[in-house]
Amino acid sequence: MATTTPTPTDERPDTAEPLRIDRHFTRPGEDPYDTLDWETREAKIVNHIDGSVAFSQPDVEFPAGWSATAGNIVAQKYFRGVLGTAGREHSLRQVVDRVVDTITAWGLADGYFGEPGPDGTAAAQAETFAAELRWLLVHQRVAFNSPVWFNIGVPGVPQQASACFILAVDDEMDSILNWYVEEGRIFKGGAGAGVNLSAVRGSQELLAGGGEASGPVSFMRGADSSAGTIRSGGKTRRAAKMVLLDADHPDVEE
Numbered sequence: 001m002a003t004t005t006p007t008p009t010d011e012r013p014d015t016a017e018p019l020r021i022d023r024h025f026t027r028p029g030e031d032p033y034d035t036l037d038w039e040t041r042e043a044k045i046v047n048h049i050d051g052s053v054a055f056s057q058p059d060v061e062f063p064a065g066w067s068a069t070a071g072n073i074v075a076q077k078y079f080r081g082v083l084g085t086a087g088r089e090h091s092l093r094q095v096v097d098r099v100v101d102t103i104t105a106w107g108l109a110d111g112y113f114g115e116p117g118p119d120g121t122a123a124a125q126a127e128t129f130a131a132e133l134r135w136l137l138v139h140q141r142v143a144f145n146s147p148v149w150f151n152i153g154v155p156g157v158p159q160q161a162s163a164c165f166i167l168a169v170d171d172e173m174d175s176i177l178n179w180y181v182e183e184g185r186i187f188k189g190g191a192g193a194g195v196n197l198s199a200v201r202g203s204q205e206l207l208a209g210g211g212e213a214s215g216p217v218s219f220m221r222g223a224d225s226s227a228g229t230i231r232s233g234g235k236t237r238r239a240a241k242m243v244l245l246d247a248d249h250p251d252v253e254e
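When the letters of the sequence shown are read in order and numbered with the working numbering, they come out as residues 1 to 254.
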């Protein structure tokens, strides 16, 4: 699967020293994938309630030492592309390459490995970084959060890599409705959101135009319904959200 085209972000100061990446797990000229035995298997998840097949993808490739559970989760949640088509990812190598190559390209574009030059230092540092990160991922020493696997390197998808967002809501309708919109976009990107609604007046308080306010709990129900409808990252998991009220808010017991 093709990856996104990197562009410099201009976020790294010009005076910053380039990163120095030393090899700890890999050797120059050694493919990190060759340090493992690989096998082809079927990824299959069975509904434990009725025994039906919830997910199945044949001929997927994983390291032989990876458990069936680990392989099934990656195949179902993180392989990108339409299931049953040639464009669908089918190997852990493809997923890791997509993410690692994209991050490495961004690092080169932004000068994290130094300025490209005839001495090849920046390119060598980028190669070391990519090899070490590949090794760590396929050996299950580290793992990224879900938005990284969902989004990074996928063409046409916002390159959103954060898992959690803290939002703010004011005591006015425009702000409350904007909260719904922001959460929807966050859930679409595979992340979760939290918000404290203590600024919203309680259900027994009066409105300027007469009548009583709806209260934060009523707006929570609408947001919760929206979250239950949106699939996080376009996948089968539901969105994750947290809503808080201060202990002294008049509707906290409700």
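Don't read these hints as lab results, they were simulated from the structure.
A couple of the hints might just be wrong.
Taking lysine-lysine pairs in the DSSO-like style, the calculated list, with each CA pair at most 30 Å apart, reads [what the hints assert, rightly or not]:
no.	residue 1	residue 2
1	Lys241	Lys77
2	Lys188	Lys77
3	Lys241	Lys44
4	Lys241	Lys188
5	Lys188	Lys44
6	Lys77	Lys44
Ranges of calculated distance between the beta carbons of each label pair, as one might list FRET restraints [what the hints assert, rightly or not]:
no.	residue 1	residue 2	range
7	Asp50	Pro18	50 to 58 Å
8	Pro158	Asp248	23 to 31 Å
9	Cys164	Gly81	22 to 30 Å
Even glycine gets a Cβ: it sits at the ideal position worked out from N, Cα and C.
Consistency of the hints with the structure:
{"no.": "1", "hint": "Lys241 <-> Lys77", "verdict": "19 Å, holds"}
{"no.": "2", "hint": "Lys188 <-> Lys77", "verdict": "14 Å, holds"}
{"no.": "3", "hint": "Lys241 <-> Lys44", "verdict": "29 Å, holds"}
{"no.": "4", "hint": "Lys241 <-> Lys188", "verdict": "13 Å, holds"}
{"no.": "5", "hint": "Lys188 <-> Lys44", "verdict": "25 Å, holds"}
{"no.": "6", "hint": "Lys77 <-> Lys44", "verdict": "12 Å, holds"}
{"no.": "7", "hint": "Asp50 <-> Pro18: 50 to 58 Å", "verdict": "56 Å, holds"}
{"no.": "8", "hint": "Pro158 <-> Asp248: 23 to 31 Å", "verdict": "38 Å, violated"}
{"no.": "9", "hint": "Cys164 <-> Gly81: 22 to 30 Å", "verdict": "27 Å, holds"}
When the structure is compared with the earlier hints, a violation turns up for hint 8 alone.
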